[in-house]
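Asks: Whenever a hint applies, use it, and build me the whole structure from the sequences.
Which chain is which? The protein sequence lines are A and B, in order. Note that numbering that gives the first Met the number 0 has the first sequence beginning at 0, numbered continuously upward. Note that numbering that gives the first Met the number 0 has the second sequence beginning at 0, numbered continuously upward.
Derived from the structure by calculation, the hints contain no laboratory data. Some hints could be false.
To be verified - Chain B side only, calculated, beta carbon under 7 Å to chain A, not exhaustive:
1. Gln19
2. Ile148
3. Ile173
4. Gln177
5. Thr180
6. Ala188
7. Leu192
8. Gly193
9. Ile214
10. Asp217
As the list claims (entries may be wrong) - Chain A stretches covered by chain B per the calculated footprint, using a threshold of three residues with CB under 8 Å from any CB of chain B:
11. 163–173
12. 176–185
13. 189–200
Stated by the list, open to error - The calculated DSSO-like cross-link candidates involving lysine-lysine, where the alpha carbons are at most 27 Å apart (straight line), are:
14. A:Lys168 with B:Lys255
15. A:Lys56 with B:Lys168
16. A:Lys255 with A:Lys29
17. A:Lys157 with A:Lys56
18. A:Lys73 with A:Lys255
19. A:Lys29 with A:Lys7
20. A:Lys168 with B:Lys76
Beta carbons are placed, not taken as given, at the ideal position from N, Cα and C, and that holds for glycine.
Protein chains: 2
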Amino acid sequence: MKDYSSMKPQEIRTLIGEQQITGQTSGMAKGFTQANLVILKQEHALDFLLFCQRNQKSCPILDVTGPGSFRPSKLAKDADIRSELPSYRIYKDGVLTEEVHDITDYWEDDMVGFFLGCSFTFESPLLASGIPIRHIEENRNVPMYKTNITCTPAGIFKGPTVVSMRPMKAQDAIRAIQITTRFPDVHGAPIHLGDPSLIGIDDITAPDFGDAVTINEDEIPVFWACGVTPQAVAMESKPSIMITHSPGCMFISDKKDSELSIL
Amino acid sequence: MKDYSSMKPQEIRTLIGEQQITGQTSGMAKGFTQANLVILKQEHALDFLLFCQRNQKSCPILDVTGPGSFRPSKLAKDADIRSELPSYRIYKDGVLTEEVHDITDYWEDDMVGFFLGCSFTFESPLLASGIPIRHIEENRNVPMYKTNITCTPAGIFKGPTVVSMRPMKAQDAIRAIQITTRFPDVHGAPIHLGDPSLIGIDDITAPDFGDAVTINEDEIPVFWACGVTPQAVAMESKPSIMITHSPGCMFISDKKDSELSIL
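Replies: Following this line, the structure appears as structure tokens:
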């Protein structure tokens, strides 16, 4: 198996474009920012921009393509967002209808791509700080859950906040709060820790997206707002078509994680 | 009852010197830094300075008086530390022998006063941020506990880390970690949160110093390193004489809390 962690973003994107990588991207092109993707027709673009502005913890915007353009000028000007993510989900009228590796055939001239910050970005500094990350240790996708924390609506867009969860020892959780506070563009500090039921998660062993991970007895679950939120929102808001990355299968940009630290 | 919160530090210190105030100082002279006091004979001063340097989370030094001087030049140059704290504890050979309101009769020409940062300093910005503080709400002294976290020893000084505890909702705990991180000279970020038994606290309802407070079901206990640590250390290290403030009965300085924020 190739060491994807040390490869350059462009090299990984090329392999993805050739469908040699079709799964989750955690740990690839270490040090470079990965982003969530949401694609909508122009008629919904303003509402969705407003939605992101009103729900910045879950939907921090890193880049938006001009209508019809599939090149994210700020994140990776030469990339093609129609083929250079490993997996996409097609939602039609709020229903997940297909999961595909290339969306060139679905692309329309008035589509707009939104790139949202992803918690993978702050995992590098967490690891560098000696904080173990369970889903990486267990080689799984990060567990994600719908919560009872309602997003502030905008136009047709409304729905629950989705969170990603990492179990940690208390001391590591405190340090993780400090580190992730420095990264407001990739969800920033956690929005909850401890008792999952307080944010409407009934069964921590059954995530709505991603995979369950082990939580040890001396650990507490720590919850960050998650860029998968728009997918939960799509299901409720039912735009005629919405294309997203598949959970964990992110866009790998040319931007360095360290550029997103505010301190 | 007078409104001590809006009085100037010098006014409060005068009332204390006159023994019109003999109890805990939480909330007095709002906006001004309160400090823990440790007084030792010169023979132990170097060891104690080393001890503080090695255990900065519990013993962050704000000021040290020259041998024989009872005026803290950095914190309040006109104050007299022999009478301007509400209550003192005298430890002889590691045993608490007296609790007094004035130590002028105990003062010796080679004594050195150490002022350590106090968590009261970060309570103002916590309150300003809308985070309720239980022991203030319940008009009690903050609960403090000996832990199984051992201080790094220096010379004769060794012993357990003492922590102060504030119960909070998870969201407030996260915000409190951010805020207190800005105040490294007054214990900084918490050192633990959640399960008290993980740091050797068997009964959260029975603090070793201060008073127990209510912990609601949707709250977690958050623990900060505490300037009462030297008192627990005194009991183990047994210097011939050591004088400290009584828990919660702090020195009120002329320095503003806001000056201690690093951001």
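Asks: Take the hints in turn and mark each one as holding or not.
Replies: These are the hints, each one checked on the structure:
Among the interface hints, the one on glutamine 19 of chain B is violated; its C-beta lies about 40 Å from the nearest C-beta in chain A, farther than the 7 Å criterion. The interface hint given for isoleucine 148 of chain B is violated, since its Cβ lies 10 Å from the closest Cβ of chain A, which is over the 7 Å cut-off. Evaluation of the isoleucine 173 of chain B hint against chain A yields a held restraint, the C-beta minimum of about 6 Å falling below 7 Å. The interface hint given for glutamine 177 of chain B holds, since its Cβ lies 5 Å from the closest Cβ of chain A, which is under the 7 Å cut-off.
Hint status for threonine 180 of chain B: holds, given a least beta-carbon distance of 5 Å to chain A, under 7 Å. A least Cβ separation of about 6 Å between alanine 188 of chain B and chain A falls short of the 7 Å threshold, and the interface hint therefore holds. Residue-level restraint check for leucine 192 of chain B holds (minimum Cβ-Cβ distance to chain A is 5 Å; threshold 7 Å). Taken as an interface hint, glycine 193 of chain B checks out: its beta carbon lies about 5 Å from the nearest beta carbon of chain A, inside 7 Å.
The beta carbon of isoleucine 214 of chain B is not positioned within 7 Å of any beta carbon in chain A (closest approach about 12 Å), and the interface hint is therefore violated. Look at aspartate 217 of chain B: its Cβ gets to within about 6 Å of chain A, closer than 7 Å, so that hint holds up. Judged by the Cβ-Cβ criterion of 8 Å, the region 163–173 of chain A is covered by chain B as claimed, because 4 of its residues qualify and three suffice. A stretch counts as covered by a chain when three or more of its residues have a beta carbon under 8 Å from one of that chain; for the region 176–185 of chain A and chain B the count is 3, and the coverage holds.
Counting residues of the region 189–200 of chain A whose beta-carbon sits less than 8 Å from any beta-carbon of chain B gives 7, enough to reach three: the coverage restraint holds. Distance restraint check for lysine 168 of chain A and lysine 255 of chain B: the Cα-Cα separation of roughly 35 Å exceeds the 27 Å cut-off, and the hinted pair is therefore not satisfied. Proximity of lysine 56 of chain A to lysine 168 of chain B is assessed by CA-CA distance (about 19 Å); at most 27 Å being required, the pair is judged to hold. Restraint check for lysine 255 of chain A and lysine 29 of chain A: satisfied, since their Cα atoms lie roughly 9 Å apart, inside the 27 Å limit.
A hinted pair counts as satisfied when its Cα atoms are at most 27 Å apart, and lysine 157 of chain A with lysine 56 of chain A qualifies at roughly 15 Å. Taken as a hint, the lysine 73 of chain A and lysine 255 of chain A pair is honoured in the structure, with Cα atoms around 12 Å apart against an allowance of 27 Å. Simply put, lysine 29 of chain A and lysine 7 of chain A have alpha-carbon atoms about 8 Å apart, close enough for the 27 Å limit, and the pair holds. Our distance criterion of 27 Å between C-alpha atoms is broken by lysine 168 of chain A and lysine 76 of chain B, whose separation comes to about 44 Å.
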